[in-house]
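J.: Residue numbers (this note's numbering), protein chains in the order written: chain S, 1 to 392; chain C, 1001 to 1671.
For the record, the hints were derived by calculation from the structure and aren't laboratory data. Check each hint, because a few of them may be wrong.
For the chain C half of the interface with chain S, some residues (derived, Cβ under 10 angstroms), not all of them [stated by the list, open to error]:
| id | residue |
| --- | --- |
| 1 | Ile1035 |
| 2 | Leu1140 |
| 3 | Leu1194 |
| 4 | Ser1233 |
| 5 | Ser1235 |
| 6 | Asp1266 |
| 7 | Glu1270 |
| 8 | Gly1309 |
| 9 | Tyr1313 |
| 10 | Ser1644 |
| 11 | Glu1653 |
None of the values given here were measured: they were computed from a predicted structure. Virtual Cβ for every residue (Gly too), placed ideally from N, Cα, C.
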Amino acid sequence: MSVTPQDLLKGLEKPPLWKTLGVFDVLWALLVLAGAVFSWLRYGASMDDYEAAILLASGLALIALGWAWKPLRVLTLMVAALSLFAIWRYGDSLKLADSDFFLRFLVSGQSAVMWMSALFIAATAAYFIALFMRSEFIGRVAAAMTWSAVAMGLTGLMVRWRESYLMGSDIGHIPVSNLYEVFILFSLLTALIYLYYEGRYRTRALGGFVLLVISAAVTFLLWYAWSRGADRIQPLVPALQSYWMKIHVPANFIGYGAFALAAMVGVAWLVRDRAVRRHPHGFIASRLPEAGELDDLMYKAVALGFAFFTVATILGALWAAEAWGGYWSWDPKETWALIVWLNYAAWLHMRLTRGWRGAPMAWWAVIGLFVTLFAFLGVNMFLSGLHSYGEL
Amino acid sequence: MKPSASRHSRQLSAAAVLFEFLGSMNLAITLLVAIAVASVVGTVLQQNQPYQDYLIKFGPFWFDVFKRLGLYNVYGSAWFMAILAFLVLSTSICILRHTPNMLREMRNYRLNVQRRSLASFHLRREWETTMPAAEVQRLLGGWLSARGYRYRTREAEDQRVMAAMKGRFSKLGYFFTHIAIVVICVGALFDGNLPLRLREAAGKLKPETRDLPAAEVPAISRLPVDNPSFRGSVSIPEGSSANVVFLRLREGYLVQPLPFTVEVKDFRIEHYATGQPKSFESDLVIRDPQREAPLERTIAVNHPLIYRGYAIYQSSFSDGGSGLHIAAWPLRPAAGEAQRIEGKVFENSTLQTAQGPMTLEFTDFRLFNINPVPDREGHRRHKNFGPSFSFKLRNATGQAREYENYMSPVEFQGRRYVLTGMRTSPAEPFRYLHIPVDDRGSVQRFLRFNAMLYDGERVRKAAEDATDRSFERLGVNRPEVRGDVVRSMQRLVERFRTGGFGAVAALVDERVPADQREQVTEAYIKVLRTILGELYLELLDTEGVHTGQGAGDAERLFLRDAVAAIDALGAYGSPFYLQLTGYDFVQASGLEITRAPGKNVVYFGFALLTVGVFLMFYVSSRRMWFWIERRNGVTRVLAAGMGSRHPHDFEREFSLLSERLGQHWKVLEGG
Ligand code: HEM
């Protein structure tokens, strides 16, 4: 026997996270903490206790995320560098947005979002080209474009945050307060969740499908900005002036993003299924991941979405208790959140306890996205209620 | 078997079947879907509107059907409550049925598994190696620990079984999630209006539908002070106080007394530089017999006051009875001076008109009116239109029209108008009459112009002048028709001032054959415009406006706007224009006061739900077995396992292990 029993299974262990940390991980933690401390020293005076707690929690979450998913660190550093650059270019005057070269063409809130939009649309095309041409290189380009789009979008939000304070200290607020801003957030989060699974499953074949939804969101965003001037920063109505908004809205959009991912994986499943039945050894069948894997990914996305949507709805209830006098008022937006939630609960039960797989689940995930879309957009357009959030 | 025993066993099995049914997945999914569908209905059909609105929308037949179905208050209806109750029941039974098993499972390594059953697993692999069994056991044990499994071993002479598991708390996730649903529903039941409805069903409570002061509401519509849970609202004018709140219930309301008094000292709205509201705040004083000194607190949106388990929220604001100083200018007939009226919001006054007295009901006053207006690029901008007041004008037969008058002029496309809106029913939007104002921003010029149309002498003179001038221009000299022409011109003006151009057209329709109407109408309107222009020049003259070169652009546009406004007066319907000349602003703060003892239970349920969901999804429970046999100097190892929640991840783990072992050990086919 050439190997000792100890060596035989070497490398297969799964040590606890803290045992795997290296120098870079420690540096990362220190850097994030330094950033958080800096923010606190600088802006702590205008934060209430809850906001300080949110800052701390976000810092810790970012550290953990960076440890668990290394590419996130590069992204964070890029976004931080670009945002600080923009903030530095601005100085104290919003007027520079039109005159400063870098701001105007690269990193003002609005320009960065334009870059994000362009990159997302280009990445969609690139992912499909990579799929059809079976080109590893183009696939890598598509992924790089998606990462860059996320970086630009996040930078756009960060800079927009700063811009709102430059407009007036009482106007400043986190940019998750209207439909325009949350569409950016939706695009970003959907892309990030997708990129995570792209790494985990080592396949770029789904990129085009998922980015189709993002491209649709981006198209809406551009239309909304150009035709309605929605990109203008507006002060917050009193109902939205709460720290709850800072956590409720992002949690919601992690949910929406994950549901969108699940739906598009469902579409890929259906496309593949159809193709396989026609040409079992055809082109699509050979390029998309196998059905079981898609099924698994779809479940993971729904589970992630369900978990965060649960949290978001609970946070919404806590906020409502503070703002409207009751944790549940059957307001249309609330009610539709419940409908979305029940829908996915039923989906999960069918899968887990009934063992449903494949076509019905894929169709259901796609329909689920439409239900979600109604909760997110339709309610604002067609139903009136207490939510003072983004009318069209 | 004796018949009684057999009946007994049949009963038992019926109960078991019921139990089975109530805890079944099919029922659970059906209930989830039913709640979702009912909720959709509740959002698509606006809830808790006045019955009158539904009646108009659906007509008497469907109104009644929907009312019986409880669709106007879906979430409070008996059938919706019943579905929720079934969900709670079904979930509870589900928990009862599954939990004991799951708890047992959590602790059970299933060490006494049969080799036969392992061999039938979907994920399994078998190898042969010369490595001694004890060493294999140590090797696999090390791997299991390094992967986070806990395991137990059973050893016999020539065989060892290792049973491992990981993520067993995933099962607790099931328990937490589902018990959370029960906890939340039960907690919410405390806070919902079920107790109230029960009391109503028992005949101990009846909503009041008349508009009475709180003190006069009869006992049957009052709730006890110690009512543990309610959600009511009250509007308190600045400087006043209240010790009750009102609960809306279908077509009426209930009165809920409070054990303390709330006074609103001051209510404030702050605005951003752009004019949008920035904050709503009330300075409250709580007077409570249990306290020595009053409690003073400021509340704002998102910052309620919690006092003795009562939560007091800033929820709205309204007028608190502002004083209004009004000048009522006669429009039709437009003669005489203004009537001066002193009014108060929510009070009534009387307006003397030619048709007798009309009741003037003041309904609202607003200091700011921030309205969206398109800017030059077509984007919406917000603009303050200034103070406005609303009133209803009711005639002797009880019919009313609703008006909304702005105090200051507003600019549209470079010209300024005062706006007065009118509607005949609350279901309609206001239609606005634009009255042009003169250089000083006053409606006086318009009123004077309108009054001139009622000045018979002046109209006759203007008609004569116009006739003479046109006769002269055309070279006509027929004194015998002059009188007729002048009279028909006067008639045109009379028609116009009461009914606008529409009345002029009607006049033509009465007198002229169809094929000439268009031509004649055109001629009439031209003549009419000439006289109106004539009168207008005269007016400018008396105002001292220099018109030597003809009227300027501004004056011409004013005439056009004034004519358009008079044209619309017929539809406007009020014989007076009510001008707001001053006001004493008093606001009322709208408070929502609630008591929700179930809240903490619900929040506890939220915590359980959150923990449960994450445990369930992110703690993946896995089991593995290794069956190790030593025979003839060869060790045979059978590995099998399953991962419940994320089978793919488990498969990867399993295949990594088996690949590695396969590199060193001999893989047995069929294993
Ligand atoms: C509003 C009601 C309910 C919600 C939100 C809910 C939620 C969930 C969720 C999120 C899961 C996890 C699914 C997965 O991991 O893929 C689950 C599992 C499950 N649910 Fe429910 N559930 C509800 C009602 C019920 C009822 C009424 C029953 C009983 C009939 C039930 C039986 C189960 C069972 C047996 C599992 C599988 C647990 C396991 O094997 O680990 N659920 N539920």
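J.: So, for every hint listed, does it hold in this structure?
T.: Right, here's what the structure says about each hint:
| no. | hint | result |
| --- | --- | --- |
| 1 | Ile1035 | holds, 6 angstroms |
| 2 | Leu1140 | holds, 8 angstroms |
| 3 | Leu1194 | violated, 14 angstroms |
| 4 | Ser1233 | holds, 8 angstroms |
| 5 | Ser1235 | violated, 14 angstroms |
| 6 | Asp1266 | violated, 17 angstroms |
| 7 | Glu1270 | holds, 9 angstroms |
| 8 | Gly1309 | violated, 14 angstroms |
| 9 | Tyr1313 | holds, 4 angstroms |
| 10 | Ser1644 | holds, 8 angstroms |
| 11 | Glu1653 | holds, 8 angstroms |
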